[in-house]
Structure formats: structure tokens, C-alpha cells
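Please arrange chain B with the ligand on chain A, whose structure you already have, making use of the hints.
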Amino acid sequence: MKLAVCLKRVPDTTAKIVIGSDGASIDETGVKFVPNPFDEFAIEAAIALKEAAGDGETVVYSLGGDASKETIRTALAMGIDRGVLLQTAGSQDGLEIAKALAAELKDQDFDLILFGKLAVDNYNYQVGPMTAELLGLPCITSLAHLSVADGKVEGEREIEGGMETSTCQLPAVLTCDKGLNTPRLPSLKGIMAAKKKPLEEKPVELGAGTFEVLGLELPPERKAGKIVGEGADAVPELVNLLRNEAKAI
Amino acid sequence: MANKFSGVDFYDMDSLLSEEERAVRDTVRTWVDEQLMPIIGDAYVEGKFPEQLIPQMAELGFYGANLPERYGCAGLNNVSYGLIMQELERGDSGIRSFASVQGALVMYPIHEFGSDEQRDHWLPRLASGEDIGCFGLTEPDYGSNPAGLITTAREDGDGWVLNGTKMWITNGSQASVAIIWAKTGEISDPASIRGFIVPTDTTGFAARDQKGKLSLRASDTSELILEDVRVPASALLPKSSGVKSPLMCLTQARYGIAWGGIGAAMACFEESVSYSQNRIMFDRPIAQTQLQQERLANMLTEITKAQFMTLQLGRLKDAGTMTPFQVSLAKRNNVNMATECAREARRLLGANGILAEYNSMRHMANLESVYTYEGTHDMHTLILGQKITGLSAF
Ligand SMILES: Cc1cc2nc3c(=O)[nH]c(=O)nc-3n(C[C@H](O)[C@H](O)[C@H](O)COP(=O)(O)OP(=O)(O)OC[C@H]3O[C@@H](n4cnc5c(N)ncnc54)[C@H](O)[C@@H]3O)c2cc1C
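Chain order of the listed sequences is A and B. The first sequence runs 1 to 249 under the numbering used here. The second sequence runs 250 to 643 under the numbering used here.
Here chain A stands alone, though its shape is the one from the complex (with noise of 0.2 Å):
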């Protein structure tokens, strides 16, 4: 089986977001970035997939500047196989990132491209799909649930109140979501190992696109929570505020 997985490096959901000076932007100055913890389950299922198989080929692409290689790097201490860093300073528009992806992976004959339902950073859920539609490929987003066989993806998807099943012949591409799978750790040893695995660079130039960010905002801050008690006897009083005070019940 000849897997694919789109990574992209995205800021730590800890991470305290401070809006850069354009009003536009995130300030990136002391924020620890991390592999986008969707694309871990993509990792994650690539490795299982490929493991019972027996054989195969795992590689990972990313599109972004140098230091995307260590985002790469940390898929590869996970047992990727090898890597591919697609330079670039980035885009926003996930179209046109969509099209670097899709000019670099066809003709590669992957039986499975897998992406993150989305990045945690600007929550587009666009990329998977419409490399998807530029590539000519079936697409199943948010999985949950993933079997393949007989040349045949089945997955399942939570949808509002239930799960849908759905199937397509491979190739194919998927968008993964939580509860796929639990990614590995990199082991000591795969963080040693990932620094001896290949890791291409190519670079690519992205059009200029038509979707623009116009402004971030941080949502208000939040009031401190308050304690009314423990155990059974903070009930009444819980019920009591939750009527009286915040309206909710």
C-alpha cells in the first residue's frame, strides 16, 4: 500500500494567541507550533494501514517554510517513512493550497492521500476536499471509523444524532477526525531514526488567490467560574443560580 498524509504545522492548542501588529495574522514570537493534531490520526492510520499490510510506503508532505521539517521530522519519529517539505512562505487561501498538494501527488500512484478534517489553526475544512476534486479522487471527510479492503474504503462518519456508513473504490482521499484512532508517541528511538530518514525539499509557487483574511479577534475573555460547593449538598444552591442568576434552566 502506497500512503500519502498532508500535514500542516499549526500552533499548540495551549498556546497563548497573541494577533500580530496587521490585525491579521497570529504574532508567532514564542508560540511552540505542533504537527495539527487532525493530521496526527492521518499519521496514525497511514502507519496501522501500512503495518497490515506488510509492506508499503508512508510519506508526508507538507507545504510551508524551513520550519515545517520539524513538523515533518515528528511524523517520521512516528514512523513515516520518509518526507517531502513543499517550500513555501504560505498561503491562506486553502484553494491554492489545494493545488500545490494536488500537482505534487498526482501520478505518484498512492492508493490512500489522507488529510486532517481540518487545521486547528483557521478551521477551514477545505484542503483534504478539494485536492480531493483537483486530483479526480472519492473523498470521505470526518472519519471515525476506517477499514480498507479488496481495493475498497469503507468509513464511517458521525453525522448530527447518528454515524453514516459509506464506501469508494481506492484510490482515494480522507479527511480524518478524533476518535480514528490514538496516535503513537514518537519512541526515543523513531526521534533518533526520524534525523537518518529522507526529507525532500521542493519548492513551489503558489498563485495568488482570491481569499483573503480580513481581521482575527480573541473571543472575550471569560468570567472566573465560581464554586458553590461539593458533592450533593451544592446542589440546591447550583440549581438556584442556574435558574435564578444565569438563566439557563
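Treat the hints with care, since some could be wrong.
Unchecked claim - Below, computed lysine-lysine pairings styled on BS3-like, alpha-carbon distance capped at 25 Å:
{"#": "1", "chain 1": "A", "residue 1": "K189", "chain 2": "B", "residue 2": "K253"}
{"#": "2", "chain 1": "A", "residue 1": "K16", "chain 2": "A", "residue 2": "K223"}
{"#": "3", "chain 1": "A", "residue 1": "K32", "chain 2": "B", "residue 2": "K554"}
{"#": "4", "chain 1": "A", "residue 1": "K99", "chain 2": "A", "residue 2": "K2"}
{"#": "5", "chain 1": "A", "residue 1": "K223", "chain 2": "B", "residue 2": "K253"}
{"#": "6", "chain 1": "A", "residue 1": "K197", "chain 2": "A", "residue 2": "K106"}
{"#": "7", "chain 1": "B", "residue 1": "K253", "chain 2": "A", "residue 2": "K178"}
In case anyone wonders, no lab produced these hints; they're calculated from the structure.
Chain B with the ligand alone, transformed into the frame defined by chain A:
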């Protein structure tokens, strides 16, 4: 999802770590968040080492991580190794102790003093957690003065016969193999101390759990009794010679403990910061009081100082120029510092601070063991005193 620990890094020490060092640290940190933190409080109260963690730690490569890859180890540098110890001790000193003993006190002496056959046989099994080791140096009457030990090894036919009692042995009851230090010559002659690899199922070998511990409760501490324990000639660590051999092992372990102290202190600091911001008393968070702010400022200052000293210690170790005296200074400082942080954190938490649900009192109690083992705080004072003055006061 488990709570994520984000560390304490006031002076951007991360910028002095390599990508690989940070990656190692992050793996251990996440593992501690996900696997250790949810169970450690209960394990501590029950007084049981959480054995289910042994294979997980092996799988991720925590045992003997600074030893070569050819033995199934990760082949990391010593700063990475130290960061592993820091992160484990952020969880619990008992878990760090387990890994310290396995790596620095069992695998290290086999690697350093063992024959090729011994290395090839034991190291991969210890790295994979298939075998668990313990280190028997301390005896009931010889703690701070191990050179005086009275366990004997006598040559007999084509093997050795060991007799004696070892006390306070971490992993003693769990271990499948023990490194036993014994005198092969006169009891008055510390130069005759040699190390032996003794499978714990050998006839005459018994381990007894040390009951009643109020510290390091999630760790196995045992007494070892050796009665006419007969081992083949191949059990002797051929390159071990004299009391300096076990002391070399202790230098390795103490190096890791110096890092570990920082981890425990960070855990207590983090808990203090978050608790003080959430605990409202007199209509404001206790974080908004000068007394608690002083506690927090002191903790952060001491942690930051220890971080840079210990990072440099690691760089010296990687350069091959680190001395045991430098290790003594860091062990002494950092464990004492962590003990102080834990005590202050426990106090800041008020009544909640005495609960196992919070971490600070567990760290506080644990650190009393760490303060005493691997050379008591006092002994490191005397080692430094001797180094400074040229005069031994012990
Ligand atoms: C939880 C735990 C785990 C341990 N694990 C191991 C293990 O795995 N393997 C192992 O071999 N050992 C282990 N030890 C033993 C540990 O290393 C010893 O306890 C330590 O060396 C101190 O020895 P002691 O307890 O006999 O104290 P003592 O040596 O009796 O010291 C008592 C007090 O006297 C002070 N003192 C001693 N000599 C002097 C002096 N000359 N001048 C001034 N003050 C002095 C000490 O600082 C201390 O305050 C462990 C101990 C504990 C508590």
C-alpha cells in the same frame, strides 16, 4: 483528554535545546500527562508501583536511553537523557526512580564493567523491560559509607558464593536481576569490592518489601537477603574494581536526579500557580496577595537557576568533562530546591494541599527520599567541602 503540562521556561531555555532534545522531552511529557498522571495518586495511596507502565516505558525507549543503539537503546545524548528524568519526576519521583535504577544503576554498570557476552545478553533484555533490575549497594549498617560494606563474595570452584544483606533497594522485589556489590577480599579492603550480576531466582536469594514507607510509596523498596547464593564465574562484572565502580554508577544516577528535581519543582510550581489563581479568599484570588506571590516568585527563580546550571552540567557530560563534584553540587542544590518548592506549594494549597488528588504533598514526601538517597544532602555538602578545601570531613 488529559491536562497538558506546558513546563516552566522563563528564560527561553528551549532555544538552547536541539530539536531532538525537545522532541524527546515532549514525548515523555505527553506520556506522563496521558498515562501516569491519571493513576499516580491512587498508586501512591495504595503503595504500589504501577507495573502496567513498565512495557509502555520500554516501548518508548525510556530505559538506558543514553546507551548505544546496538543494545536496543535509543543512543541519546545526556541532555536528552536528563530531560527524560526531569519529565518522569514531574510525574512522580518513584517512577523516575524506577527508570534511574534500570538505566543508570543496572544497565550502565553492565555496559561499563561488563564483558561483551554480558552486554549482549543483558542490555537488550533490560532495554525492552523483559528483565527488571535492581542495584544492591546499601546495607543495614553501611548507608552513607558504602566502602564499609560487609557483603562477601568468595571464590568457590568455578563460581562465587555471596552472603550478606542489602537494605533500601529500589525495585528489589520486582527485579529479575540484581547488581550486587560485595567484597571479594578482606572486609577492611574497599578496593576488593566487585559487582555481580545475580538473577533473583538464584537459590539463597530473597527479597522482602520494606513496609510502612511514608515517602516514595509508588515505588518498590526492598531488603535483599543473600544466603550462600552461588553464581557462576560469568556473573562477575570483570571490569569492576573497588568502591569507585559503584560510585561511578551513582554519579550517573545522581546526574539524572539533578534533572528530576527540576521536574518535581516544576510540577509544584504549576500546581501553585493554577490553584492560587482559582482559589478565592477574602473576595480575591489568593494569587493576588503578596505572600503567595513571593512564594511563586521564589519557586520560579530557583527553578530557573537550576535549569541553566543543569543544562550546562549536561553539556559538560556530553563533552566528556563533567566531574562527580559538579554532579554533587547539582544533586544537592536541585533536590533541596525541589523539596522547598514542594513544601511551599503544599502550604499555598491550604487544606487541599494535603490531599492525594493534588500533587504537591506527594512530591514533598517523595523528595524526602530523594534528599536522602544517592548520597544524602549532607554527604554532598561534605564532598563539596572536601573538593573546596582539600580536607575530608567524613
Ligand atoms: C526510598 C529509598 C530507596 C533507596 N534505593 C536504594 C537502592 O536502590 N540501592 C541502594 O544501594 N541504596 C538505596 N537507598 C539507600 C540510600 O542510598 C541510603 O539510605 C543513603 O545512602 C543514606 O544511608 P542511611 O540511610 O544508612 O543513612 P546514614 O548514613 O545512617 O545517615 C544518617 C544521617 O547522618 C548523616 N551522616 C552520615 N554520615 C555523616 C558524616 N560523616 N557527617 C555528617 N553527617 C553524616 C546523613 O547525612 C544522614 O542525615 C535507598 C534509600 C531510600 C530511602
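Evaluation of the provided hints:
no. : hint            : verdict
1   : A:K189 / B:K253 : holds, 23 Å
2   : A:K16 / A:K223  : holds, 17 Å
3   : A:K32 / B:K554  : holds, 23 Å
4   : A:K99 / A:K2    : holds, 21 Å
5   : A:K223 / B:K253 : holds, 22 Å
6   : A:K197 / A:K106 : holds, 23 Å
7   : B:K253 / A:K178 : holds, 17 Å
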